[in-house]
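So you can see what is in the structure, the chains are spelled out below.
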Amino acid sequence: MARFLLKRLGFAILVVFCVQTAVFLITHALGNPARLLLPLSSTNAQVAAFSHAQGFDRPLIVQFFSTIAGAAHGDFGTSFWQQLPAVNLVVGRLPATGELVFFAMLVAIAGSVPLGILAAVKRDSVWDKLAVTVSLLGISMPAFWLGELLILIVAVQLGLTPTSGYGGPQYFVLPVITLAALPLGRLTQIVRSAMLDELGQQYVLVGRSLGLSTRSLIFQHALKNAAIPIVTLMGWELGRLIAGFTILVEVVFNWPGAGLLAVQAIQHHDIPLIEADVTIVATLIVALNLLLDVIYAALDPRVASLGSRRRARRKLQAIDGVPA
Amino acid sequence: MAVTTPLEIPSFPERPSFRRLPSMRGMLRGLAGNRFAMVASLFLLLLAVAAIFAPWVAPHDPNELHIIDRLTPPAWSAGGSTTYLLGTDELGRDILSRIIWGARTSVTIGLAVVAFSVVLGTTTGLLAGYLGGWVDTLLMRIVDIQFSFPALLISLAVVLVLGASATSVIIALCIDGWLVYCRLTRGMVMTLKHTTFIEAARVTGNTSRRVMIGHALPNILSPLITLATLEFARVVLAESTISFLGLGVQAPTVSWGLMLNNGEDYLTVAWWLITFPGLALTLTVLSANVVASWLRVVADPLQRAGSR
Amino acid sequence: MTAAAPALSPEPTPARAAAETILDVSGLSTSFETRAGRVHAVQDVTFSVAPGEIVGLVGESGSGKTVTSLSLLRLLPATARTTGRVVFEGRDVMKLRGEQLRQLRGGRIAMVFQDPMTSLDPVFTVGSQMVGALRAHQRIPRAEALERSASLLEQVGIPDVATRLSQYPHELSGGMRQRVLIAMALSNDPGLLIADEPTTALDVTIQAQILRLLKDINQRTGMAIILVTHDLGVIAGLCDRVFVMYGGRLVESAPAHDLFHGPEHPYTAGLLDSVVRLDQDRNRRLSVIDGSPPVLIDPEPCCPFNPRCPYAVERCREAVPALTPRAPGHDAACFRTEAAHEPLR
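Protein chains in written order, with our numbering: chain Y, 1 to 324; chain C, 1 to 308; chain V, 1 to 345.
Next up, chain Y with everything else stripped away, as it sits in the complex:
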């Protein structure tokens, strides 16, 4: 178990390193960052002077190591745009993103688990059709459009909530619903398929032959087995929210989180801030994956090897061809 976690930890560090490298290569190797940062009208001399001042004229490898070394100490340099340490800016925005993600996942789980189970148990019923509809809509509606529609209908036409911004509970309603839609759709689908799959297993038939109650078979046995792919997917969905989808919701609702900051950083061509934001977000996702491995080991007694989650991933794909 300890070895297994140690291996996962090593992999996690490797991932963060790779993300850093990718961002570095994109920002430094694809073009001269000074050109991005300075106005288009800048002369070559101005660019050269700025490059020198920022150290962009050093060999790439030197720049790379100084960036990595800085990042390892939590130092990503000073934001060009805000003139503050980039790390502080990102960390300051994390709580708002965290709140949004937390409540969205809560809504998604609270909605999808009962609906998915109900759909699997009462196949082809109204519940099943509702589950299919919810998951299809959740998957297909772009978050920014759903957000705009909600603003249009709930905030503008009905006047029930503020249109955007950050504040009390009323400010949370629309962003949380918008962000929850996609994970709700995908989780409903996976809960339904995973439960259907488990309910068809031999041990359920054996349990029925032994006179176990339907309730115990569904909620104890099938659900605990289905929990393995479900929890895995929950982790992925959470990771996906952090990795990308909050960005759109934060932009649409002008939510002061790390996602909005990332877009602002990109719009301001603020390389240190971009690097800090992407690296910190990637670290969070990796930490989350690590946490998942622990939960996973607690759920499945067969977990003892590195391959266990890969096995679950394969199982997930077998169930529903979940695209990555």
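Simulated from the structure, these hints should not be mistaken for laboratory data. Given the structure is predicted, the values throughout are model-derived calculations rather than measurements. A virtual CB, placed ideally from N, CA and C, is assigned to each residue, including glycine. Among the hints, erroneous ones may be present.
[To be verified] Restraint-style ranges between C-beta atoms, simulated for each label pair:
#1 Y:L6 / V:E171: 50 to 60 Å
#2 C:R35 / V:Q138: 47 to 57 Å
#3 V:R315 / C:L45: 58 to 68 Å
#4 Y:G92 / C:V57: 32 to 42 Å
#5 C:V57 / Y:D75: 38 to 48 Å
#6 Y:R3 / V:P159: 26 to 36 Å
#7 Y:L6 / V:S274: 50 to 60 Å
[What the hints assert, rightly or not] On the chain Y side, residues computed to face chain C include the following (Cβ under 8 Å):
#8 V156
#9 G159
#10 I266
#11 I274
[Claimed, not checked] Here are some chain Y residues the structure puts well away from chain C; computed CB gaps all over 10 Å:
#12 L5
#13 K7
#14 F56
#15 V62
#16 T78
#17 V121
#18 G165
#19 T214
Following the hints, position chains C and V against chain Y.
Chains C and V alone, transformed into the frame defined by chain Y:
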């Protein structure tokens, strides 16, 4: 009381005579079966027609300004005009025409990214599966790492560096788009590698390379088409996302994401600016998803036999 | 050869007395709706089991033996339609509802399945699954249930029970898991055990052990057993009476000895001919039954075996032969042997 007997050997080879019922059935078949998939396919066809024949089917030039008619509501609501069926935007451009031209952008970028990713992904996947060893390990590590990548942020950074344009969007989306195909192909090759006919080919001294490619590719075709359909939906969505953030396709090229971006400022006065492009986008993604699910059931003989 | 105390056995001689039955099945038919049509998996099956008796239900893949056994406890999925009467200890199983049915399952009738590898829930310990099976029927505290589980495991010959109880299924071998499943089936002292191919997935040596265990339990507790199998060897060693199924129908029913020495149905005869016997010339070619089992989708009203039967005549293609008595306790469904009345071997 001997239990064993002179009759020793089972009399017939026994297969389970009663298999457990198929547990998985296409999510969509429950809802409306093939009729649903047919409507979705028709919509995608319509989209293709709009994309190909945009200059002929669009009633107006998408960038033609009719300042006098700016913010005209759709034809059926008060103040609407049949000249502009779905209304006009803040500069008096015809929404319907822009949606039709936007389809062209979405389809072009979607197909370009999918085509490039399929070629790169299948090639590397075949290589990884066939060669095994460190090539395989390296590729699979990349695939694993990609799971933890903040993909949208990376795409945005790429577009930023390359400069906002349709080409940049295509490049940015290709960077991680090929990995899924790589994983799929590699998985299929690994499975095939252990089938008897490949082993037989190897034992009899046939070039296994030829057998692998000859057999792996046809076997992988149907899951590949399904995946490509799903990926098309994802790419269309990603393109509009990047354009919505203002970092992707730039005017005068028309994009649904860009339309949604512009429309946001007029949310309180003109609902049609965001409703129709968003609807077009949602229906496209929905249709591709539906068709992919249907393909998955139809193309997989096991599932087809399994689901009644 | 066993350690069973005969005094414990309420029925020392397996009852030939047909008057007393624990299970009475008459006119049992089960069909499934499929896209290809209605599959008649079991048609008009009638048989009975006496208390303490071990009967064999034998047939090849798709003969309907497993569907028959699942129908007895109504364990088939909702797509199945079952008709007929199944009377167990005086109660009609077909009329039981919800809670009564649940009480019957694992209570008075228990079942053991073919594949021990997938029959246990992988994420619960053996102990907690056994406790669950006990407490589904008896209001006893968890600790007591655990003690009972331990003694049940000992009864089925599992050493080191304390360890086993805390282990997960994947830590046990196939034979061990089947023993656990048998122990779970026994946990509420059933009057009837339906064992559906209990040894098929196991190694030959383990097979013999499991069969011996079943026989022991039968001797010790007087529990009746329906042994569903395709293996005539298993039948010969264990069963008092045998029911042969073919194409969803019962084609022959006889005391085990009579069946092996004088089969009255051409299918049974073919079956016996295809078995390797140690007491025969080793150079003899094994005979096979040509052709393949019938498709059970909307079957014609004819003898299901006629396309493969060397004795088939016109009549066999026009009507379904009924089971008719050939000797005391020996019935067969065949027009030819009914008329000729001469043994097939």
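Cross-check of the supplied hints:
About 24 Å separates the C-beta atoms of L6 (chain Y) and E171 (chain V), a value inconsistent with the hinted range of 50 to 60 Å. The hinted range of 47 to 57 Å is satisfied by R35 (chain C) and Q138 (chain V), whose Cβ atoms lie roughly 52 Å apart. As the Cβ distance of R315 (chain V) to L45 (chain C) is approximately 59 Å, the hint placing it in 58 to 68 Å holds. A beta carbon spacing of about 50 Å between G92 (chain Y) and V57 (chain C) contradicts the range 32 to 42 Å that was offered as a hint.
Between V57 (chain C) and D75 (chain Y) the C-beta distance comes to about 56 Å, which lies outside the given range of 38 to 48 Å. R3 (chain Y) and P159 (chain V) have their C-beta atoms about 31 Å apart, which keeps the hinted 26 to 36 Å range intact. A C-beta distance of roughly 58 Å is found between L6 (chain Y) and S274 (chain V), which places it inside the suggested range of 50 to 60 Å. Annotation: interface hint on V156 (chain Y) holds; nearest CB of chain C at approximately 5 Å, less than 8 Å.
Because the beta carbon of G159 (chain Y) sits about 11 Å from the nearest beta carbon in chain C, more than 8 Å, this interface hint is broken. Checking I266 (chain Y) against chain C by beta carbon gives a least distance of about 5 Å; that is within 8 Å, so the hint holds. At a threshold of 8 Å, the smallest CB-CB gap from I274 (chain Y) to chain C is about 6 Å, leaving the interface hint in force. Chain C leaves L5 (chain Y) outside its interface by the beta-carbon criterion, the shortest separation being 17 Å against a cut-off of 10 Å.
The claim that K7 (chain Y) lies off the interface holds: its Cβ sits roughly 12 Å from the closest Cβ of chain C, which is beyond the 10 Å cut-off. Under the 10 Å C-beta cut-off, the non-interface status given to F56 (chain Y) relative to chain C holds; the minimum distance is some 14 Å. Every CB of chain C is more than 10 Å from the CB of V62 (chain Y) (nearest about 20 Å), matching its label as outside the interface. At the 10 Å boundary, the C-beta of T78 (chain Y) stays outside the reach of chain C, the nearest C-beta of that chain being 19 Å off.
The claim that V121 (chain Y) lies off the interface holds: its Cβ sits roughly 13 Å from the closest Cβ of chain C, which is beyond the 10 Å cut-off. With a cut of 10 Å on Cβ distances, G165 (chain Y) stays outside the contact zone with chain C, its closest approach being about 14 Å. Look at T214 (chain Y): its CB is around 16 Å from the nearest CB on chain C, clear of 10 Å, so calling it non-interface holds up.
Violation of the numbered hints given earlier is confined to hints 1, 4, 5 and 9; the remaining hints are satisfied by the structure.
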